[in-house]
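J.: The primary structure of each chain is shown beneath.
There are 4 protein chains.
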Amino acid sequence: MRFSKVYKQIVLDNSFKNWKNLLAYYFQISKAHLLMLARTEIVPKSLAKEIAQAFADLENEKIGEILPEDVEDLVFLIERKLSEKIGVEKAGFLHIARSRNDIDATIFRMCVREELIEVAEELIDLVEKLSEKAGQNVRTVLLMYTHGQPAQPSSFAHYLLSLAFDLLEVLEALLLTLRVVNACPMGSAAITTSGFKIDRKIVSDYLGFLEPVENSYRAIVTSHWISMPIGCLKVLACDLSRFAQDILHRASCEVGIFDFPDELVQISSIMPQKRNPVILEHLRIRSSVSFGLFNAVENAFLNTPYQDVNENGDLVLSKFLGGVDVLKQALQLTKEIVEKIVVDESRVKELALVTGSTTTELADFLVREFKISFRQAHEVVSEYVKSGMSYDSLVERFERLTGKKFTLTPDQVAEVLLVDNFVRVRQVMGGPGERSIEQMIRTLGTRLKSCKQNIDSMKHFLRQSLQKMQADFISLVLNR
Amino acid sequence: MRFSKVYKQIVLDNSFKNWKNLLAYYFQISKAHLLMLARTEIVPKSLAKEIAQAFADLENEKIGEILPEDVEDLVFLIERKLSEKIGVEKAGFLHIARSRNDIDATIFRMCVREELIEVAEELIDLVEKLSEKAGQNVRTVLLMYTHGQPAQPSSFAHYLLSLAFDLLEVLEALLLTLRVVNACPMGSAAITTSGFKIDRKIVSDYLGFLEPVENSYRAIVTSHWISMPIGCLKVLACDLSRFAQDILHRASCEVGIFDFPDELVQISSIMPQKRNPVILEHLRIRSSVSFGLFNAVENAFLNTPYQDVNENGDLVLSKFLGGVDVLKQALQLTKEIVEKIVVDESRVKELALVTGSTTTELADFLVREFKISFRQAHEVVSEYVKSGMSYDSLVERFERLTGKKFTLTPDQVAEVLLVDNFVRVRQVMGGPGERSIEQMIRTLGTRLKSCKQNIDSMKHFLRQSLQKMQADFISLVLNR
Amino acid sequence: MRFSKVYKQIVLDNSFKNWKNLLAYYFQISKAHLLMLARTEIVPKSLAKEIAQAFADLENEKIGEILPEDVEDLVFLIERKLSEKIGVEKAGFLHIARSRNDIDATIFRMCVREELIEVAEELIDLVEKLSEKAGQNVRTVLLMYTHGQPAQPSSFAHYLLSLAFDLLEVLEALLLTLRVVNACPMGSAAITTSGFKIDRKIVSDYLGFLEPVENSYRAIVTSHWISMPIGCLKVLACDLSRFAQDILHRASCEVGIFDFPDELVQISSIMPQKRNPVILEHLRIRSSVSFGLFNAVENAFLNTPYQDVNENGDLVLSKFLGGVDVLKQALQLTKEIVEKIVVDESRVKELALVTGSTTTELADFLVREFKISFRQAHEVVSEYVKSGMSYDSLVERFERLTGKKFTLTPDQVAEVLLVDNFVRVRQVMGGPGERSIEQMIRTLGTRLKSCKQNIDSMKHFLRQSLQKMQADFISLVLNR
Amino acid sequence: MRFSKVYKQIVLDNSFKNWKNLLAYYFQISKAHLLMLARTEIVPKSLAKEIAQAFADLENEKIGEILPEDVEDLVFLIERKLSEKIGVEKAGFLHIARSRNDIDATIFRMCVREELIEVAEELIDLVEKLSEKAGQNVRTVLLMYTHGQPAQPSSFAHYLLSLAFDLLEVLEALLLTLRVVNACPMGSAAITTSGFKIDRKIVSDYLGFLEPVENSYRAIVTSHWISMPIGCLKVLACDLSRFAQDILHRASCEVGIFDFPDELVQISSIMPQKRNPVILEHLRIRSSVSFGLFNAVENAFLNTPYQDVNENGDLVLSKFLGGVDVLKQALQLTKEIVEKIVVDESRVKELALVTGSTTTELADFLVREFKISFRQAHEVVSEYVKSGMSYDSLVERFERLTGKKFTLTPDQVAEVLLVDNFVRVRQVMGGPGERSIEQMIRTLGTRLKSCKQNIDSMKHFLRQSLQKMQADFISLVLNR
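Residue numbers (numbering that gives the first Met the number 0), protein chains in the order written: chain A, 0 to 479; chain B, 0 to 479; chain C, 0 to 479; chain D, 0 to 479.
A couple of the hints might just be wrong.
[To be verified] Here are the simulated EDC-like pairs of lysine to aspartate or glutamate, each with C-alpha atoms no more than 20 Å apart in a straight line:
#1 89/C - 378/D
#2 370/D - 40/C
#3 7/A - 261/D
#4 4/C - 72/B
#5 196/C - 419/D
#6 84/B - 378/A
Hints were generated in silico from the structure; no laboratory data involved. None of these values were measured; they are calculated from a predicted model.
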């Protein structure tokens, strides 16, 4: 046997399984490379045609489930099958000026590119959903928390748009890392390019890349095609974990500001009263698990030499794909949560009052009304809160501290403290005021549209490129 | 005492120490906020002037080493000092429409912005150094490795430019995250903005930010100001660790392709013969330690609620600053390595021949010369290598496998195998050919120049903004 | 200058600062080594005496703040100072059969040993505090949660003991890793021991170690002295983060089961009503930050060669010490929380009833009383809960489903649902019953006592060893 | 439909797939629980028999591939199937005093226990292999490195035993964490145990656990059953990555101290000369990937509340199992490497001389021979090395520095510098001397034997327990 039994079983056979999912990319790359060899006349047209025909046959055949004992991997296996069809003296021309190093690197980038496009589309969907929901909840009051405690009332739209902007920021960053991913290593021919006069641009164009990775050493060495997107994806996973954790408290039965329909609630096998919106926990878990898988990938490159290493290989890639899969689940659960979550406004108002969350406005009002300083107003109102919101105490404290006459009636004070009033007077940019919210929805929409166009044109270019490649390939086969 | 002894000692006193390093930012923010309150006439001009004067005095006074027992933190301490000067009934106006939440968030962004600019400048320096060194080593041959084994010869310039492009890619990404950082939370007034008609744009402009963080909830909640840059910085740290690890092997006494002057070499206290270029190890350590510290920071946000949390606080920030400090050390060591490293070309050529690293070119040559397929040529040359590079074996194997006559003389074969020939014939884009290298240096230069302009204009705008703010502040003090 | 400016400044000077904190260990090791060289007659007694005298002088002198330009590190600096006193022809004998490799490795273990003992003592303290508090709260009812929702009532003691057992488990594991740490590398003399007939046991004993690290290569190569304790410390940090996160919800104003005194509560600078028990957040942050720092340390060793590497050095150690420092802060905050936290029992009972948390017992009761199956009883009670705990609905549902006559009165049902009843009937091992709690306190006490004896005897042995070493050293100086 | 489509598809259906692999444990637990309910007479014997019979039938039936729409999970599905057989009024008795919480927690511990036993057995195998190989290589000289540079010669056995002791230390720690894992949560009945007089010891014994997890809250809350083993497994993964990285350098073609047979070497698809022992890279990757997966698991618990959370669930568990799988692959590759690796002794001796790695011994020899201090000897020999090992320079330098007459002949100096001499004179404990090596092999053997007995008795007890359980269950079915 060519390889030790242990090595074959643990390394080669496992790798073969991973590679079978990447086979379609391999065929695309080989066709693009062959077309380039023909167009540059490195391989005579007639020979290229024969190889193309054999290749076309091969594409329709099944690759077996098992890697033969004397073959290292899928690439060698296909090359052998090609040789069986037309002889090594012809088939062997295909491998001019290319190497597994660059083929692998190109395949992985094609695969990651596809995954990132999917994540980006999921994100676009989610941001749209958040924006829509915000649009429907401009006037829905919500209690906002800091450090786990009720702080101030605002609108549900205000909250949703905050998350929307955070996710949009991730999306924009992701699109930029997609540019990093979207460059083509082919033509580096292991390391140093080739003495043959290949044209790297042709292959890159056929495969829908923006451009070749210029430096041919870097093409097979860099980890940026996977580590740069991971930077964004981890921020995304962390954001989602925070969203889950935040909702959990307010959806609890004691707080009860948020509610979910029964279809998102699980029961206990022993406790009859339990109604767990465990979808929130499952979101949290998926967030942290994908975060952890991405960590594992980026960590794998640490302290490896700045050479072509097998960390740039299928095992590490498979963990990345696992992370993306779990992250996409998290995005879908988030969408479901956003769609189905309901604010209990009467509970919001009740809590808002009980917890004194509108008293910041009372302090502000005193400043405006009586021209006292904010710190004084803050002290007066703090005492008022401590007194259990006693009007008399408010008057007494105010007059003692400021030496001024307190002229507001109890009703006027109560009005200032209304949740609706609190939200209404906040007309500043970025706050919960309706005009501010509408402005944010517009800003969000503009930036989101630009992201969508970006993704759409990338997809369009990719589809067109591959179609052109396939058309040229068929022309070659048919000798047109 | 106001706080429990343990709480004061562990939380408040430690926090106070961290905050003293952030004091300058606090003063800048307060001045900008006061100017805005005056310009919008929320605070009458004359009152604003009094506060400004007191503030100007305060800025020149020393803050004590110890946090008084009844004060929570530095912000309250300064406010108290201000009240002691002009009375709370005046001083207390300063805190209108602002909160520690937004002050903190703004300070942290100003601090991170400054650090990132420094890292970016270190990076620019390093990429320039790499480019220069590449320019000096266009013809210096170097042996390139894959999977720890000599693979093909190339030029030292080719290698240096690979790293240069990787670092440039990080730099470009970092500049984009700087845009994320460079937005101003002020005006969110804890969460929901304010009922006062503040102008958030004024404060943002004075402090040199690109714009306010529009959504006021997001302004105090998001972790992107720290987690997004971390995504880039970790890629950078990982790249540097890989560079160190790669050089280590080739600088070893057995390989000896790279050499360092004595000033970078340490001795052993017991083994007389040792000469360790431990600077490489120290680079590796600094890379992985900064990587680890950044990990710690990004991890701290996982599973925290999507609210204002103290993870957005000074303790976590201090670990980030620690990571940046170690990373800057790593960048400086890398620059030193790049500057001082020397290639031993004769050793390169010796090893290149002994290891058969140029035989890829022989195979390519056979393809071109005899029109045989690459796979056949590869097999012929593999046998040749196994035979210990015996010319007779080459002829025999060639003729048996291809059925053709082998017409090259031993001298011709030797010439094909020359290192210089290997490099010279590789004229393809991105390879080691001189024109290709020059092209890469140009590309690099163009993109680097754009980064420099970006940073320079950011610094210029920042400096101008703060100068304008200071000028306006002095005008206010002097009532001009 | 001996070293490059950059290298000296970044590597050597920073290292020198770290090493000054380790100086005392260096003196102890040198004395122990010298005594061994004298006892084994490798160095003649009279010469050893002279060295000892110079060394004793040196110990009282100040090491300057700055590393001289021509010296690599503190160890060489001290050796030089020794040579200045008695000449290199005498001083130079001290370094027989030892190397910086083994000195460093020994110093680091002594330092880590001391830190771990301190953490262990903090842990012992905390577990004792938990046990005491449990003893005081055997009958204090508490509501227990799963998946963020109220689930069943229990006693506060039950909850506290759960955490106590978890921390005890960490403590026991930590003591076992202390055995790993507590072995002495001295005598490995860089790698292979020495041709001199040294006695490694003597040095190990003097320094209070359990034994030498037998394999001399392993003595300078292994990372277990730091990575093994980290395994435990991370579990501890994670446990504390979970405790903080758990209490946060129940201490929130809406739930209000837990309360804290004012001395642990911070206010808002803008929101008058806020009372944040931010000590919980500060515990969470310290937990995750120490977790992250330990991560950074353990990660630094990944993919480094299995040799003596500088990852086993002062920079990585300093991050470990930073992690321990933050973790000790977390332990102290936890102790403070445990000491000061108060259960609001009336709120517990109110919530327990409202949320139906005792209805599991009603289902159980129906099983026992009417011999129906648990699943049937669960269904009956689920309906009862859904009906808003209507007695009529209970009767109707029970009779329809089981075909049996429901014979309990409303009062009897109410009694079954009492919180006190729920807790009282749970007499099984490990549950909230008083006998069960007392048994747990006893088990805990026994295991804790054994841990304390372990630590105490380790400390005792350490103190005695160092005292004996110092006594022998003084005898040598005085030639007794 | 009971659940939302998204929730069912992403959460429930995925979970169902994971659970099908855990089904056998569920049956074992249910049988043990039923037997306990019968033995304690909580369920009448005759009823227990009926349930047992239905259960026995069920065990032989196939669970479908798809989770029905109205069922939450596998546990409910099986309970329903049981009810379909004998009616809910009988089947429903099985769930007395148990909950999914405790069933899950018990299943996960049974699963982790099995995996850890397998890892422990792999480790035992590997340590034995290392010990054997050491026994065969007591006299095989090897060059040892520090900081990437040749340092001193030693024996291959010395090196192998270092790794063996490190792995043994992990093994011993792992066995201790197995004690933590090996405790039974059953009987906690969600949280607080039960009002039924269950006997937790019976169930624990039947399932082969050492004891119940005493505190019933902790039984369902703690993460130690997975986070404690992970502490050890990560140390192991890191050790293996270091071993791989260390061998890589010395197996490189330039160093050539280590060699591998062809069956472990891969070729290049383009470079004819390449021979990559990529098994080392694949070991490194598997080490860091498993390290990363374990990281992900331990990280998932950070900042989750100290309650029963779904992080203690099948998704996180599946990542742990993935990590164990990759780690077992790493262990098998390591065994293969240890078995097949060969030292090239002549190359060792060549390098040892060329690099002056034996000159420490020359310095030591000068100390012994001429009674000069080590530092003086070190300086003399350093000069000698710098002079290119010129005898004349040695004499001159020695006499000038010490003022003594140098009396050794060139032959005598050469003899002192022999590799064999270097190793032979090092007779100290833990060094490369034969007696020392034999002693280490004995120590290792004793400790390893104790580990094996530990594992064997654990496995024996486990097998016996389950057999007894099965026998009692059959007796119940057959009413014996």
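J.: Taking the hints in turn, state whether each one holds.
T.: Results for each hint:
A hinted pair counts as satisfied when its Cα atoms are at most 20 Å apart, and residue 89/C with residue 378/D qualifies at roughly 14 Å. For the given pair, residue 370/D sits about 13 Å from residue 40/C by alpha-carbon distance, which is consistent with the 20 Å threshold. Proximity of residue 7/A to residue 261/D is assessed by CA-CA distance (about 13 Å); at most 20 Å being required, the pair is judged to hold. Simply put, residue 4/C and residue 72/B have alpha-carbon atoms about 40 Å apart, too far for the 20 Å limit, and the pair is violated.
For a cut-off of 20 Å, the pair hint linking residue 196/C to residue 419/D stands: about 18 Å separates their Cα positions. Restraint check for residue 84/B and residue 378/A: the C-alpha separation of about 19 Å stays at or below 20 Å, so the hint holds.
Violation of the numbered hints given earlier is confined to hint 4; every other hint is satisfied by the structure.
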